[in-house]
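Could you slot chain U onto chain A? The hints should help.
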Amino acid sequence: MTNTPVQTTDTISPRIRTALHGLAVALTETDEFHRFEQAGEALQRDTSARQSIDGLQAKEKDLEVLLMLDAVPEEDRTELERLRQAVYGNPVIVEYVEAQQALMTVCQATNDALSTRLGMRFALKRGGCCG
Amino acid sequence: MNTIELSLTEGLQIAVTELADALMETGPVADFKRAQSRYDTDAEVRALIDEYRAVQVTVRAHETDGTVTRAEIDQLRGLYQRVQTQETIAAFARSQRLSTHYLEQVVYELNDLIGLDFASFGTTASCCS
Chain A
0 MTNTPVQTTD TISPRIRTAL HGLAVALTET DEFHRFEQAG EALQRDTSAR QSIDGLQAKE
60 KDLEVLLMLD AVPEEDRTEL ERLRQAVYGN PVIVEYVEAQ QALMTVCQAT NDALSTRLGM
120 RFALKRGGCC G
Chain U
0 MNTIELSLTE GLQIAVTELA DALMETGPVA DFKRAQSRYD TDAEVRALID EYRAVQVTVR
60 AHETDGTVTR AEIDQLRGLY QRVQTQETIA AFARSQRLST HYLEQVVYEL NDLIGLDFAS
120 FGTTASCCS
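In the order they appear, the protein sequences are chains A and U.
Going by numbering that gives the first Met the number 0, 68 is the number at position 69 of the first sequence; the sequence numbering is gapless.
Going by numbering that gives the first Met the number 0, 1 is the number at position 2 of the second sequence; the sequence numbering is gapless.
Here chain A stands alone, though its shape is the one from the complex (with noise of 0.2 Å):
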């Protein structure tokens, strides 16, 4: 999970804050909320499963520039193979994948009925999200 750090400021004012609090409410109210939460709680307490995340990470790291050009030897290609399978067939990171998806469709959904409203972008992502 990411999350930008925090740059408070006076300039919203009291209305915009109780909405933005109602919005905060609604959104940390929903099935696909707690969802998430419950997915990366559960992905946070299963070592195996991170340690099998690390691995697969690690290795891609190590093989970047080979992944890149396609050109990953028979030995390393079978190795990955076999991590990616650690990780996706993994049930308890399925579901935090899972979960992660379903509440970034109500993100979006959100995001959007905002958008339409305002006739203008309400939230623009900046940068990368993985890093």
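Keep in mind the hints are simulated off the structure, nothing from the lab.
Be aware that a few hints might be false.
[As the list claims (entries may be wrong)] Far from chain A, by Cβ distances over 12 Å, these chain U residues were calculated:
{"#": "1", "residue": "Glu17"}
{"#": "2", "residue": "Lys32"}
{"#": "3", "residue": "Arg37"}
{"#": "4", "residue": "Arg45"}
{"#": "5", "residue": "Arg59"}
{"#": "6", "residue": "Thr63"}
{"#": "7", "residue": "Arg69"}
{"#": "8", "residue": "Asp73"}
{"#": "9", "residue": "Gln74"}
{"#": "10", "residue": "Thr87"}
{"#": "11", "residue": "Val106"}
{"#": "12", "residue": "Leu115"}
{"#": "13", "residue": "Ala118"}
[Said to hold, decoys possible] So these bits of chain A aren't anywhere near chain U, every CB distance computed over 12 Å:
{"#": "14", "residue": "Ile11"}
{"#": "15", "residue": "Ala25"}
{"#": "16", "residue": "Gly54"}
{"#": "17", "residue": "Asp75"}
{"#": "18", "residue": "Arg81"}
{"#": "19", "residue": "Asp111"}
{"#": "20", "residue": "Met119"}
[As the list claims (entries may be wrong)] Pairs of lysine to any residue residues, derived as SDA-like cross-links and limited to a Cα-Cα distance of at most 20 Å, are as follows:
{"#": "21", "chain 1": "U", "residue 1": "Lys32", "chain 2": "A", "residue 2": "Leu79"}
{"#": "22", "chain 1": "A", "residue 1": "Lys124", "chain 2": "U", "residue 2": "Thr122"}
{"#": "23", "chain 1": "A", "residue 1": "Lys124", "chain 2": "U", "residue 2": "Gly114"}
{"#": "24", "chain 1": "A", "residue 1": "Lys58", "chain 2": "A", "residue 2": "Thr17"}
{"#": "25", "chain 1": "U", "residue 1": "Lys32", "chain 2": "A", "residue 2": "Pro72"}
{"#": "26", "chain 1": "U", "residue 1": "Lys32", "chain 2": "A", "residue 2": "Thr10"}
{"#": "27", "chain 1": "U", "residue 1": "Lys32", "chain 2": "A", "residue 2": "Ile11"}
{"#": "28", "chain 1": "A", "residue 1": "Lys58", "chain 2": "A", "residue 2": "Leu79"}
{"#": "29", "chain 1": "A", "residue 1": "Lys124", "chain 2": "U", "residue 2": "Leu112"}
{"#": "30", "chain 1": "A", "residue 1": "Lys124", "chain 2": "U", "residue 2": "Leu78"}
{"#": "31", "chain 1": "A", "residue 1": "Lys124", "chain 2": "U", "residue 2": "Arg96"}
{"#": "32", "chain 1": "A", "residue 1": "Lys124", "chain 2": "U", "residue 2": "Arg69"}
{"#": "33", "chain 1": "A", "residue 1": "Lys124", "chain 2": "U", "residue 2": "Ala53"}
{"#": "34", "chain 1": "A", "residue 1": "Lys60", "chain 2": "A", "residue 2": "Arg44"}
{"#": "35", "chain 1": "U", "residue 1": "Lys32", "chain 2": "A", "residue 2": "Lys58"}
{"#": "36", "chain 1": "A", "residue 1": "Lys60", "chain 2": "A", "residue 2": "Asp30"}
{"#": "37", "chain 1": "U", "residue 1": "Lys32", "chain 2": "U", "residue 2": "Arg96"}
{"#": "38", "chain 1": "A", "residue 1": "Lys124", "chain 2": "U", "residue 2": "Gln95"}
Positions of the beta carbon are idealized from the N, C-alpha and C atoms, including for glycine.
Same frame as chain A, but now just chain U:
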């Protein structure tokens, strides 16, 4: 109510409406909407932009066939300066910048309240997919 909102819970629909109304009635977003309305309905602005675009098309065409004149380039530059300094256009551009910055602050505050980066979750493109 549109299709997007129908996919939201009732609580979210109400919250979205209240926040959008609050944003559009006060502060930089409200200023932007007013500036946008003036921009859209200002006949002088429309005429100036139409003239600028027409001259721009002519200059590009003449640049391509090698017949562009100094006078045409000067005319285009002069119109560009007028576009840049025209009061309604400048106010529109300034209010757009300020409202965009303001919405960033609002989203930062939302991030703090919900404990995740709403923009990463709420925009269609995903670098993780």
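Do the hints match the structure? See the list:
Here U/Glu17 does not stay apart from chain A, with its beta-carbon only about 5 Å from theirs, under the 12 Å limit. At the 12 Å boundary, the C-beta of U/Lys32 falls inside the reach of chain A, the nearest C-beta of that chain being 7 Å off. Remark: the non-interface label on U/Arg37 is consistent with the geometry, its nearest Cβ contact in chain A lying 15 Å away (cut-off 12 Å). Once the 12 Å rule is applied to beta carbons, U/Arg45 is consistent with being away from chain A; the minimum gap is 19 Å.
Every CB of chain A is more than 12 Å from the CB of U/Arg59 (nearest about 30 Å), matching its label as outside the interface. Annotated as non-interface, U/Thr63 keeps its C-beta farther than 12 Å from every C-beta of chain A; the closest such distance is 36 Å. Residue placement check: U/Arg69 keeps its beta carbon more than 12 Å from all beta carbons of chain A (closest about 41 Å). Listed as outside the interface, U/Asp73 is consistent with that label: its C-beta sits roughly 36 Å from the nearest C-beta of chain A, beyond the 12 Å cut-off.
The non-interface label for U/Gln74 is consistent with chain A: the shortest C-beta to C-beta separation is roughly 33 Å, beyond 12 Å. Look at U/Thr87: its CB is around 18 Å from the nearest CB on chain A, clear of 12 Å, so calling it non-interface holds up. With a minimum CB-CB distance of about 5 Å to chain A, U/Val106 fails to clear the 12 Å threshold, and the non-interface call is violated. Under the 12 Å C-beta cut-off, the non-interface status given to U/Leu115 relative to chain A is violated; the minimum distance is some 5 Å.
With a closest Cβ-Cβ approach of about 4 Å to chain A, U/Ala118 is found to fall inside the 12 Å limit, against its non-interface label. Chain U draws A/Ile11 into its interface by the beta-carbon criterion, the shortest separation being 6 Å against a cut-off of 12 Å. At roughly 4 Å, the least C-beta separation between A/Ala25 and chain U is not larger than 12 Å, which violates its mark as non-interface. The non-interface label for A/Gly54 is consistent with chain U: the shortest C-beta to C-beta separation is roughly 18 Å, beyond 12 Å.
The Cβ of A/Asp75 lies farther than 12 Å from every Cβ of chain U, with a closest approach of about 23 Å, so its non-interface assignment holds. Under the 12 Å C-beta cut-off, the non-interface status given to A/Arg81 relative to chain U holds; the minimum distance is some 22 Å. Interface exclusion of A/Asp111 from chain U breaks down, the closest Cβ pair being 5 Å apart, not more than 12 Å. With a least CB separation of 7 Å from chain U, A/Met119 falls inside the 12 Å interface cut-off, contrary to its annotation.
Straight-line distance between C-alpha atoms of U/Lys32 and A/Leu79 comes to about 53 Å, which puts the hinted pair past the 20 Å bound. Among the hinted pairs, A/Lys124 with U/Thr122 is consistent with the structure: their alpha-carbon atoms are about 7 Å apart, no more than 20 Å. Between A/Lys124 and U/Gly114 the alpha-carbon distance is near 16 Å, which keeps this suggested pair within the 20 Å criterion. Proximity of A/Lys58 to A/Thr17 is assessed by CA-CA distance (about 47 Å); at most 20 Å being required, the pair is judged violated.
With a C-alpha separation of about 58 Å, the suggested pairing of U/Lys32 with A/Pro72 is violated against the 20 Å cut-off. Taken as a hint, the U/Lys32 and A/Thr10 pair is honoured in the structure, with Cα atoms around 18 Å apart against an allowance of 20 Å. The straight-line distance between the Cα atoms of U/Lys32 and A/Ile11 is roughly 17 Å, inside the 20 Å bound, and the hint therefore holds. Between the alpha carbons of A/Lys58 and A/Leu79 the distance comes to roughly 7 Å, so the proposed pair stays at or under 20 Å and holds.
A hinted pair counts as satisfied when its Cα atoms are at most 20 Å apart, and A/Lys124 with U/Leu112 qualifies at roughly 18 Å. For the given pair, A/Lys124 sits about 35 Å from U/Leu78 by alpha-carbon distance, which is inconsistent with the 20 Å threshold. With a C-alpha separation of about 16 Å, the suggested pairing of A/Lys124 with U/Arg96 holds against the 20 Å cut-off. For a cut-off of 20 Å, the pair hint linking A/Lys124 to U/Arg69 is broken: about 44 Å separates their Cα positions.
A hinted pair counts as satisfied when its Cα atoms are at most 20 Å apart, and A/Lys124 with U/Ala53 does not qualify at roughly 36 Å. Restraint check for A/Lys60 and A/Arg44: not satisfied, since their Cα atoms lie roughly 25 Å apart, outside the 20 Å limit. Using a Cα cut-off of 20 Å, the hinted pair U/Lys32 and A/Lys58 is violated, with the two alpha carbons roughly 51 Å apart. With a C-alpha separation of about 35 Å, the suggested pair A/Lys60 and A/Asp30 falls outside the 20 Å cut-off, and the hint is violated.
Note on U/Lys32 and U/Arg96: the hinted pairing holds, with a Cα-Cα distance of about 12 Å set against a maximum of 20 Å. Among the hinted pairs, A/Lys124 with U/Gln95 is consistent with the structure: their alpha-carbon atoms are about 18 Å apart, no more than 20 Å.
When each numbered hint is compared with the structure, violations occur for hints 1, 2, 11, 12, 13, 14, 15, 19, 20, 21, 24, 25, 30, 32, 33, 34, 35 and 36.
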